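Below are the chains, spelled out letter by letter.
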Amino acid sequence: MSHVAPENNAGEYALSFNDLKVTFETSGPLVHAVKGLSLAVRPGEVVALVGESGSGKSVTSTAAMGLLPSNANISGEAKIGNVNVVGLEQGKMRKMRATDIAMVFQEPMTALNPVLTIERQLTEALELHGLAYGKAATQRAIELLEMVGIPEPDKRIKQYPHQFSGGQRQRIVIAMAISCDPKVIIADEPTTALDVTVQAEILDLLRELKDRLNTGILLITHNMGVVADMADQVAVMFQGSLVETGRVDQVLLHPQHPYTQRLLAAVPRLSSASITAENEPHSAQTAPAGRELVLEAKDLVLEYNMRGKIFRAVEGVSFDVAKGEVLGIVGESGSGKSTIAKAVIGLLPVAEGSLSVKGHNLPKLSPKQARVVRKQIGVIFQDPAASLNPRFPIGECITEPMVVHKVGTKASRIKRAEELLDAVKLPRNVINRYPHELSGGQRQRICIARALTLNPELLIADEPTSALDVSVQAVVLEMIQELQRDFNFACLFVSHDLAVVDMLADAVVVMRSGKAVEQGMVKNVLHAPTHDYTKRLLAAAPVPDPHAQAVRRDAWRVLNKTK
Amino acid sequence: MSNLNGKIPQDLTSIAEVEDAKLAAATEQSKSQSKIVLERFLKHKPAMISSVILVVITVIAFTSVGFGPIPGWWKLSYLDAGSVVNGGKPTLSLIPTWLGGSGITIGDHPFGQDSVGKDYFALVMNGAQKSIIIGVVVGAVATFLGAVIGAVAGYFRGWVDEVLMRITDLFIVIPLLVLAAVLGQIAGRSSGSIFALALVLGLVTWTGLARLVRGEILSLREREYVSAAQAMGSRTSRVIFKHLLPNTIGVIVVNATFAIAGAILLESSLSFLGFGVQPPESSLGLLISQYQNAFLTRPWLFWWPGMIIVVIALSVNFLGDGLRDAFDPRQSGKRRRPRAGLFALPTRKEKP
Amino acid sequence: MLKFILKRLGSAVGVLLGASLLLYILVINAGDPLGDLRESNADNREYLMQQRIEYMNLEQPWYLRYLTWLGGVGKCFAGSCDLGRNINGVEVSGLLANAASSTLRLVLLATVIAAVLGIAIGVLTAVRQYSGLDYLVTFLTFLFFSLPVFWAAVLLKEFMAIGYNNWLEDPQISIGTSILIGVVAGIVLQMLLAGSLKRRGLTFIITAIFVPLLLQYSVWLNFYRYPQMGPAIIVVLTVLLALSATAMSVGLKEKKVLYPALITAVLVLVMYYATFWLLKDANTWILLIGLVLAVLIPGLIGKFMGGRLSKLASGVSVLVGVVGAGLTVLDHIFRAWPGFLELKGRPIGTIGSSTANLGGGFWDSLLDNATQLLLPTIVLTIISLASYSRYTRSSMLEVQQQDYIRTARSKGLSERTVIFRHAFRNALIPIATIAAFDFAGLIGGAVVTETVFGWKGMGDMFSTGLHAVDPAPVMAFFLVTGTAAVLFNLLADIVYALLDPRIRV
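Chains as they are written, first to last, in numbering that gives the first Met the number 0: chain A, 0 to 562; chain B, 0 to 351; chain C, 0 to 504.
It is possible that part of the hints are untrue.
As the list claims (entries may be wrong) - Simulated coverage check for chain A against chain B, where a stretch passes if three residues somewhere in it have a Cβ under 8 Å from a Cβ of chain B:
(1) 44 to 53
(2) 177 to 189
(3) 344 to 358
Rather than coming from a laboratory, the hints here were simulated on the basis of the structure. Since this is a predicted model, take the numbers as computed values, not measurements. Where is the CB? At the ideal position from N, CA and C, for every residue including glycine.
Only chain A is shown next, with the shape it has when bound in the complex (with noise of 0.2 Å):
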């Protein structure tokens, strides 16, 4: 953490912070978010604050823009430019906002008010803070959006945020930033809500923004692919403090401590695919004999119904899963992949199609029959807080199939309950607890010892990690993995994630607005895919490796102007 860190010479520096510290009054005791962090920024400089959840990386630059709750008491510097922002007056805070320090945030579907057009919202900061008035204003505000790529700006303009999309919303919030030509954004994870191809679009425009307009970038995310894409420096922080910092091929390729190394092994990656070439059409699934089928969707059809509107969201899908495999179906939100999950779990009938469990069609099965099927049915969900209920102990959470289904005896249960509990390698008094008294990840933990009470045939994943931190994440995949090779249940894999399935799975099917648009073997769809579009997916996907996500973003730039 040599050269990085500010010296006196400080007016070189967009954004410095000097021995920052940051700690919060609670009811409880004094909790210390951030521990003494040295870091600068320099103009036209992107520097990467990576960490976990609770590593205090999103304090520390609530901290720059002065806004961080009352309860909280900061020590050290940060500095703007020359300006000392640490204890300054609130009415000169405001006047650096926007116009010397700027911020995109992670959540372009909130961070937009809902009932001010977004001429409103980007002429107000340029009257403020008097760079343009009236027509004027709105003449700036149409320039910015189309800066930012928002088509027909000066229409468009006059429009509510729940008029665009999320992608375009993030445009926008970023056009506001750079409105009053900061010295500085901080970007806080602001891709993180983004699929992966709007994400990489995303990218583009701040990296192109930034070399336009010499901007400084702290760009605080987890993603260790958006980190090799974007950074010049990377700084890594764990639990309020700075554990390496340095460029980034050296951070990233090189890394010095022990929690970066561990950090950077936890990243799933994709095995080289050839994304460029002309792929051979793979042939016909091959599928080897003696397969014993635990999931088939023929033909599937599923529908919503919204207030009479019927509408399709997944059509003409066929897969199977047989026992031992792993089937992953992946795609971009709203493409239906979590749909075909929901009516494998019973959550949606089937419109029209066949969807089988061990042969039995289930819509045509009566409910009694359907109840028995379900037996054989293990779900995990993708929110760790909203997948337990918080009235349950953690026993009576992981019991609970075996009381629906009447299997066993108190004691048996309990007994059960314990076993999974060593399975799923947790502590056996943990029995006892309540769900709010433990992690993500532990819950995440809870919920496949919960899907694996029954010994199931058949495990329905709907992105189970998405919500998790990296290192979290490994662990609980690596469980998954151990437990399908101890159990011998058949998987359906829902992510958004690439890098994920590739890890877990034997086949994929990748969707995109209710079609399958590309199946079949990991090993062919994902490592020389033949339509375009997983193609664009697999390219938009970011490694986190500079030097071979150079390579990548070019290919995805080629890729994105063919389409």
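We have chain A already, so just place chains B and C on it with the hints.
Frame of chain A; chains B and C shown alone:
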């Protein structure tokens, strides 16, 4: 989690390991949600004070004049007229003699007497009893109906939901008080018992809670633990009664208390208008109605029943507020330093 | 948008029909309409019973009676309502006009005041969460929630009306009382203005000294019987307002806002003299036209002189214009007050919605209506003030947690802009739905309030009708209040759609 830092190895290099170490080192007793809520509630001062006041009023109201066939400890009955002593003025005094008062004494008629010499303390206590009974019965009936109908409407949606929404609309065009007055008159003419009145009031006051429970269920049923329960083949009744309703308990309990306060006020209004409790029975609202014109000559006849209603309703409302804070600590808890004044001039300097 | 409104209107008519049927059935089963006659010993008992049966169509089955009533209501669309006869054979439609106007006036006024005040208090307490003011208001709202309407009404009648009327016979304020009032005013004002300890202390001291002096001076002037203001004070006040509004919005240096505001203040003075004789014997139309002009003219001045700040300049000018016009009207009211006191010695009314045979001019009858309306309006306002302020507070607190508020702050907007431009509109959205329920509650409250204050309004029609098991007046009550509620609900829906573009576009 206060004394944990010491027990966790400091050289861990993974979030997952840190979390597991914390869990392994946790020594505190596990707390269920209900226990956490109870602890928060016990710390809520206004709610605790209100609880004490409510208990005291309830105990005095029921033991003093007796309930049904059980005799009370108070010597006079609310039905017996007597000779009016000293213009019926209250004999209760709380000012000690050394302060120039008449000493701390209860006297024969602490709340005074009415125009025919009935003991007003007995009358008011009898009325308070009625108010409490009506509040509790209405609260119970309305809460039961509201919770069940709201849950069913929220879970199944469809026609139940449609009917619930139409009934809600009904209360926009026929004010609650009007419908209650008509039903109160029917109940009063047919039986005259306060239980019939309470039942009828319960039948018209459940809609608010039903709407709230419905909204809560609508959002809860999208939670993944509910999906998980459905996916593992749980029966609908189990999903509703094990997973959904227990998690709406906060809304239900809080609004049950507000329903009680509302019912007490509604009954008093109806009795005041003559559509509630009918003479010879008495209630606090009826007493106020009878003596509103005695305000200048015998103010105590007006003050006592009114004060008792206000104190009961206020205590119940504060109790509900405490419960709400206990169930949903979002809006209390962390204290924020006050921000700048709304009408402050923009040039004013504020410290962050 | 139009489709949305028509759909809501259609379903509202359906609900209205269903509710009328339900209410009709319930009311005719609420007792025996002939009960009093059956117990009577009058000689012509049979005749009276026969007559009542005829008036009320008692020989018909219930559904025919209902349909007859509904048919009569249907005639309203042809311009001649037939709402049936009451128990004494009087045409209900004849009784309705007076009753409806006084009750609706009361309920609407109370709704508007409660909504405006309640929302303002709600915003203030949300912005100052956990301040002394917040705790005080929280306690007061709980108290108001727990207050029986009728009890509060009787208290107000006894203390405010009778107390004030007695005091007005010979208005004196003792030195002790004025100091007490000054201290209380000081405490309240420093709570409202907040700020640093020094600022609060200063506010308190100045108020606590100034208010008692003002009170004593006003007593010496005999202000309470002979109030006066005059053009000088009006001009001083409007100029002060123009200066402070400009200072609060953009600062006094901004001539583009200051000049239109000052010109408006001067115009107010000109108009004061120009309209003096016209207003001496005014009528409602003159006042309404005056109000429109007081908005229009300053608005245009601001628009033309404001340049790039035209919106702000119009806003400030309109504020100055409206306040100036209000002060002008107040001046005329002050002038009319001594004469009014001669006509009506005890001004604050406790019985009825207006004084019979009052005489006097426009200002006198205006004052009479206002003084009769005062107490019931206060009672009703208090009831719904509590819920408006409470809902606004929690809605504002909820909105302040939203991401877009953080975005707004990150642009460098001042706290006031964040609250009013970004938080307030979003916080109002849920309030629009509550308003409809609150309106129904107020109509219920009006029934009680009218009983206490002896108004012959809709509430009185309802309760005497119900006591006598007489459906015609009860249904007339329902017709008026139900329709009003539906219209109000519709208005709330429109406001909702206007506030929330996600519904509109």
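#### Entry: Hint check against the structure, violated hint numbers in rising order
2
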